[in-house]
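So the protein sequences, as listed, match chains A and B.
If you read the first sequence in our numbering, its first letter stands for residue 1, the second for the next number, and so on.
If you read the second sequence in our numbering, its first letter stands for residue 1, the second for the next number, and so on.
Read the hints as simulated data drawn from the structure, not as lab findings.
Please read these numbers as outputs of a predicted model, since none were measured by experiment.
One thing to keep in mind: the hints can contain errors.
Taking lysine-lysine pairs in the DSSO-like style, the calculated list, with each CA pair at most 30 Å apart, reads [what the hints assert, rightly or not]: (1) A:Lys53 <-> B:Lys22; (2) A:Lys47 <-> B:Lys62; (3) A:Lys13 <-> B:Lys62; (4) B:Lys56 <-> A:Lys53; (5) B:Lys59 <-> A:Lys53; (6) A:Lys13 <-> A:Lys63; (7) A:Lys91 <-> B:Lys72; (8) A:Lys91 <-> B:Lys100.
The lines below spell out each chain.
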Amino acid sequence: TAFVVEDISNIIKEAVDTTIGSSPFQTARVNAWTSAVVETCLSQLAKLGKPFKYIVTCIVMQKNGAGLHAASSCFWDNTTDGSCTLRWENKTTYCIVSVFGLGL
Amino acid sequence: MDDFQTAEETTFVVDEVSSIIKESVDAAIGGSTYQHSRVNQWSSSVVENCLGQLTKLGKPFKYIVTCIIMQKNGAGLQTATSCFWDNTTDGSCTVRWENKSMYCIVSVFGLAI
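Given only the sequences and the hints, what does the whole structure look like? Please build it.
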């Protein structure tokens, strides 16, 4: 019943690989991608059957030379809660996925 | 009257959180121009300010605050979030803020204990 960062990290990686993989950045498809990534992650996480509430966030950004900075801060129970963030990229896109798990 | 007040104290009030976020961002970045060397500090102070104000509310919640700062450069950005929680007690609030040189997106998630 602990938050295992490695398992979560694998789940995220698979979700992003299957959703975006090597596709080039396309404005028309980005909406569908972000939704698919968070939904896939969340359903895999729910399948783990652990007593946790989850929050999954996904950022997809075009590689265009722009600067991007992301930060997060949490007010929770250090003994039971945890988070995992994965930074993924391909030739044209950056994808940052964060999963926060809060013990019930 | 008492019941209403009790409910107020234990639910996630989006408007209140929204104004806390706006104030924190205005105070931290306000009229500044995007500078690579300062962004790290800015995003940290935005989340810390928000979290500080939220904990002062004294409600029985766990909070997660995330902040994204992006330079205005024509790049496309899409964000999505999905939550597995208790719909009756938990909530979230996202504020999109911008000035001439950058975008700032702050999300606050509140989960009842």
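Going down the list of hints, with the structure as the test:
no.	hint	in the structure
1	A:Lys53 <-> B:Lys22	holds (27 Å)
2	A:Lys47 <-> B:Lys62	holds (23 Å)
3	A:Lys13 <-> B:Lys62	holds (27 Å)
4	B:Lys56 <-> A:Lys53	holds (23 Å)
5	B:Lys59 <-> A:Lys53	holds (18 Å)
6	A:Lys13 <-> A:Lys63	holds (19 Å)
7	A:Lys91 <-> B:Lys72	holds (21 Å)
8	A:Lys91 <-> B:Lys100	holds (29 Å)
In the structure shown, no violation is registered for any of the earlier numbered hints.
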